[in-house]
Amino acid sequence: AQSVTQPDIHITVSEGASLELRCNYSYGATPYLFWYVQSPGQGLQLLLKYFSGDTLVQGIKGFEAEFKRSQSSFNLRKPSVHWSDAAEYFCAVGTYSSASKIIFGSGTRLSIRP
Amino acid sequence: NAGVTQTPKFRILKIGQSMTLQCTQDMNHNYMYWYRQDPGMGLKLIYYSVGAGITDKGEVPNGYNVSRSTTEDFPLRLELAAPSQTSVYFCASSLEFGPQETQYFGPGTRLLVL
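Residue numbers (my numbering), protein chains in the order written: chain X, 1 to 114; chain R, 115 to 228.
The set of hints was computed from the structure by calculation and includes no laboratory data.
Where hints are given, some of them may not hold.
Using 30 Å as the maximum straight-line C-alpha spacing, the simulated DSSO-like pairs for lysine-lysine come out as follows [stated by the list, open to error]:
no., chain 1, residue 1, chain 2, residue 2
1, R, K123, R, K158
2, X, K49, X, K68
3, R, K171, R, K123
4, X, K61, R, K128
5, R, K158, R, K171
6, X, K61, X, K49
7, X, K49, R, K128
8, R, K171, R, K128
9, X, K61, R, K158
10, R, K171, X, K49
11, R, K171, X, K68
12, X, K49, R, K158
13, R, K128, R, K158
One-sided and incomplete, this derived list gives chain X residues near chain R with beta-carbon spacing under 7 Å [claimed, not checked]:
no., residue
14, L44
15, W83
16, T95
17, S100
18, K101
19, F104
20, G105
Here the structure is a predicted model, which is why all the values come from computation and not from measurement.
All C-beta atoms, glycine included, are put in the ideal place defined by N, C-alpha and C.
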């Protein structure tokens, strides 16, 4: 069965430091992969998505993610975080086997140290 | 465009009470979804709709009902509220239906059942 694992429940980084959020997926075919962000009091917003082609995907707010098939990973990165990046981040995989056609990971909460 | 809007933002219910969570989208999307988000968990699909008059169960439908009389509105009804229904509820919509589609989320309704 398809699944998404985000191994880090909570991460704290200093403002200006680099960030990497981990995501591993289980999927038989080439996956559709997403990163969503949920700011406090807000709904989920799409950061970026990968379907095919270049394995390094650029998103909004300076985020990027790299698809690595050999590692079944789709890690999210940002070279320098800002206090406004504090939020919950969800990795997700699109799948035909789910009614909603998408399965979400459990999320990683990002805190920013001033 | 307002996107996806949800009301109320927060509600406290007593056990056995009922309520309706409202969801409206102004993007003319045919596909709409209700999710619940429990602490430390990914989003779970409750119900979804592929168009006015057509709804279907998701992963966790028990204790909930939905209707879709218009393209814009997709209310979620809780009958006989139970503490297990304490959660954050998100409504979402998408233009098309499939694993590659971006879903657009409302800001959520936080529900506490005591």
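Problem set entry | Restraint check for K158(R) with K171(R), where alpha carbons must lie at most 30 Å apart | holds, 11 Å
For this session: For the pair supplied as a hint, K171(R) and K123(R), confirm whether the alpha-carbon distance does not exceed 30 Å.
Result: holds, 24 Å
Exercise. Close enough to count: is the Cβ of S100(X) nearer than 7 Å to one in chain R?
Worked result: holds, 4 Å
For this session: May I ask you to test the interface hint for K101(X) with respect to chain R, counting a Cβ-Cβ separation under 7 Å as satisfied?
Result: Result: holds, 5 Å to nearest chain R Cβ.
For this session: Please work out if K61(X) and K49(X) have their alpha carbons no farther apart than 30 Å.
Result: holds, 14 Å
For this session: Would you check the hint for K49(X) and K158(R), treating anything up to 30 Å between C-alpha atoms as holding?
Result: Holds, at roughly 20 Å.
For this session: Measure nothing beyond the straight line between the CA atoms of K49(X) and K128(R); if it is 30 Å or shorter, mark the hint as holding.
Result: Not OK: K49(X) and K128(R) at ~41 Å, beyond 30 Å, violated.
Problem set entry | Pair hint outcome, K128(R) versus K158(R) [Cα-Cα no greater than 30 Å] | holds, 23 Å
Exercise. Under the criterion of a CB-CB separation shorter than 7 Å, is W83(X) in contact with chain R as hinted?
Worked result: Violated - the Cβ of W83(X) stays beyond 7 Å from chain R, reaching only about 21 Å at its closest.
Problem set entry | Restraint status (C-alpha distance of K123(R) to K158(R) at most 30 Å) | holds, 19 Å
Exercise. Given the hinted pair K61(X) and K158(R), is their alpha-carbon gap at most 30 Å?
Worked result: Roughly 27 Å separates the two Cα atoms, so the pair holds.
Exercise. Given the hint that K49(X) pairs with K68(X), does the C-alpha gap stay at or below 30 Å?
Worked result: Between K49(X) and K68(X) the Cα gap is close to 14 Å, so the pair holds against 30 Å.
Violated hints, in rising order: 4, 7, 11, 15; the structure is consistent with all others.
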